[in-house]
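S.K.: Can you make the complete structure from the sequences, with help from the hints?
So the protein sequences, as listed, match chains B, Z and H. Taken in order, the first sequence gives residues 44 to 222; the numbers are from our numbering. Taken in order, the second sequence gives residues 9 to 254; the numbers are from our numbering. Taken in order, the third sequence gives residues 13 to 367; the numbers are from our numbering.
Incorrect hints may appear among the rest.
[To be verified] Far from chain H by the CB rule (all over 10 Å, computed), these chain Z residues:
#1 Arg-14
#2 Ser-16
#3 Glu-23
#4 Val-55
#5 Thr-85
#6 Thr-152
#7 Pro-154
#8 Met-171
#9 Pro-190
#10 Asn-193
#11 Lys-194
#12 Glu-251
#13 Val-252
#14 Gln-253
[Stated by the list, open to error] Straight-line alpha carbon distances no greater than 25 Å define the calculated PhoX-like cross-link-like pairs of lysine-lysine that follow:
#15 Lys-15(H) x Lys-186(B)
#16 Lys-301(H) x Lys-63(B)
#17 Lys-63(B) x Lys-186(B)
#18 Lys-168(B) x Lys-19(H)
#19 Lys-337(H) x Lys-46(B)
#20 Lys-19(H) x Lys-63(B)
#21 Lys-337(H) x Lys-364(H)
#22 Lys-46(B) x Lys-361(H)
#23 Lys-286(H) x Lys-361(H)
#24 Lys-46(B) x Lys-283(H)
#25 Lys-37(Z) x Lys-15(Z)
#26 Lys-186(B) x Lys-19(H)
#27 Lys-45(B) x Lys-15(H)
#28 Lys-15(H) x Lys-183(B)
#29 Lys-337(H) x Lys-301(H)
#30 Lys-45(B) x Lys-63(B)
In case anyone wonders, no lab produced these hints; they're calculated from the structure. Since the structure is predicted, the reported quantities are computational estimates derived from the model, not experimental observations. We treat Cβ as the ideally placed atom computed from N, Cα and C, and that holds for glycine.
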Amino acid sequence: MKKQIIISGFGGQGVMSIGKSLVEAAVSEGMHATWVPSYGPEMRGGTANCSVVLSEEPVGSPVFTYPTELIAMNLPSLLKFEPNVVPGGIIFVNSSIIAEKVQRTDVKAVYVPCDTIANELGNAKVSNMVMLGAYIAATKALKVETIQQMLVHMFTGPKAKLVDLNMKALARGAECLEG
Amino acid sequence: MTTVYRKSAALQDRELHYCPGCSHGIIHKLVAESMEELGATDTAVLVCPVGCSVFAGHYLACDAVEAAHGRAPAVATGIKRTHPDQLVVTYQGDGDLASIGAAEIVHAAMRGEKFTTIFINNAIFGMTGGQMAPTTLLGQRATTAPKGRQKELHGSPIRMAEMLSTLDGLAYAERVCVTDIPHLNKAKKAIKKAFELQMAGVGFTFVEVLSACPTNWGMAPLEANKWLMENMAAYYPLGVIKEVQA
Amino acid sequence: MEKELWKGNEAIAEAAVRAGVNCFFGYPITPQNEIPEYMSARLPEVGGVFVQSESELAAINMVYGASSAGMRAMTSSSSPGVSLKQEGISYMAGAELPGVIVNVMRGGPGLGTIQPSQCDYFQATRGGGNGDYRTIVLAPCNIQEAVDMTQEAFDLADLYRTPVVVLADGMIGQMMEPIVWHDVPKRELPPKDWAANGRRGRDHNNFITSLRMDAPDCEEHNRALQRKYDLITEKEVRWEELDTEDCEILITAYGTPARIATSAIEELRAKGVKAGLFRPKTVWPFPSKRLAEIAAQPSLKAILVVEMSMGQMVEDVQLATKCVKPIGFHGRPGGMFPSVEGIMEQAEKLLKEVQ
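M.R.: Written as structure tokens, this is what we have:
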């Protein structure tokens, strides 16, 4: 199994942390993984992205032209990266703010209203966790339990109440695949 | 037999290369005596500049480090921060400190680095042959200012002790000279005091010594001392400029 | 041993701490800011010293001072900042002071870009400042190697009394991947009896200087330095090979492009193209001898040098192999990466040209 994922969106949408969560979970499942951010002034306000490789073999190139999956959190990201997704790949679209549909017919499109669900859950910040839940449900690249364990480790003390919120966000994202 | 005078043990047995009438030799002696009297020779590190005193590490008996031009305050920062209990002294001329090393001295003073800088201000580049320094006086001739320093062209000379004294990190600044015995004694007291304040950890300490460069000024030694008192001391006032109580 | 996920810059900083660095001096510049940031928090925990200097010039001279006094000292920067440090590196080489300088390279010239590059190869491998000198230049291709090399750099610096450069690029600095903290082999190091940290009863004063006014003395100093560089070349040259036994095309690259090339080689092999990789791990000293041996292999048809520059290491490849085989070059300057597809295309094109 080898995944080459591009996660892209506005700065502040948590695209970098989706990537970091994927890599962290993969490492704790004993896989090889790399995370490469786009960095610089564009990270504040503009479109930011990161490239993630998850692999059972050691990772050669951590950068790639053709992703197996694209997570597009905003429209510029979809427009920029849609043409490069490998045939048979998956494009995840944050349909709360992207009205456009995926044009290609040789890839699978998954529409996830991340922000709508996050707002329903009462915290706009968990929209990236909604998307992460959808990604894991669609690709089965990782075990959702691994992410859940990470959340328990990440939010402790006064922040412990955020565990439940994030778990719910993951689950609601996964539900988007059932429709 | 009574010993009436002896060379400081903090000086090596070596003949100095300085020109007749140059102030460096006397100032080396004062630095050495102060070090010795404070019992610091064995733990001190002297940071030498680029300029005429580039060989100071061959004259003083303590350990020494030769810095790149102007960087002595940065070098001294590296030494003092990792060896806070040792006496660290930079010895720098006006080209070194006030020109190419202006940033380093300002920031060392700003950070309140706990070392002492002995600033040799003779209003000229000595080693390279009499070029204009930031401290060259208006009207004073230099090999790169053949008609003399002009305000419109070169700006007015910089008063480093006063400028650095605006910084909170500077604990003590005094301007002295070594043209005669009373002034020499005052200079010695200032240097020793700066070392003591350094060891007390008060902050950055700075002694500016107005110095003679008869060779590049084109004067005899006595004439040079007279010119110094009449011209340099008029622009660069002698005395304590700032002192923070320990 | 457990794998831990680290960001490259932070891992480099932690590696230095584990190697016993006493002090760090630096100035902010992208893409290496995580190194001074990490050090500012971490060094005080272990009794070390962190100073944010007023300039890169001051930072390297603080390294010079601390190293003069016998400390393990370090600075890091990125390309434009490393240019400023060249003064101090030259003085350190001249005064034979150890020290570690990390360059997380970005595109140039001038301000260039903050994106990854390898455009400082000439500067790093030819000395960089004034005078006849070299620095040991270690070129990691992933975070694990960056960590191992940073730790080893301190021993190499102390052993040979020379500045050591860790030549990384923005990709290695900014990316994250899992690493294992393992013990890097330690060298037996001579005492620093030359250090200027107070005489403490010593019968002479130590005077650290790069000044040799007497020309014959300065000539002898240069010859002594060269003997040291010859010894380093004999003992410390390092490289890695992949599929070189039967290769028809040898891709030669260091750092991030070498890593990208491993994927290209895998895919080329899958297509039946016999590709191999030669990866210098020390770019000075350059592994010339071994590269010349591979170049002489009858099966080898061509060499493709891949760099994130307009062609700098390629000159060392030409010198090492005396151009006994055709040498092609594929470069992506200005903050761009070579792609797996781009390397494959250039390799196949070059092979076609020579057949």
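S.K.: In ascending order, which of the hints set out earlier in this document are inconsistent with the structure?
M.R.: Result: hints 4, 5, 16, 19 and 22 break, sorted rising.
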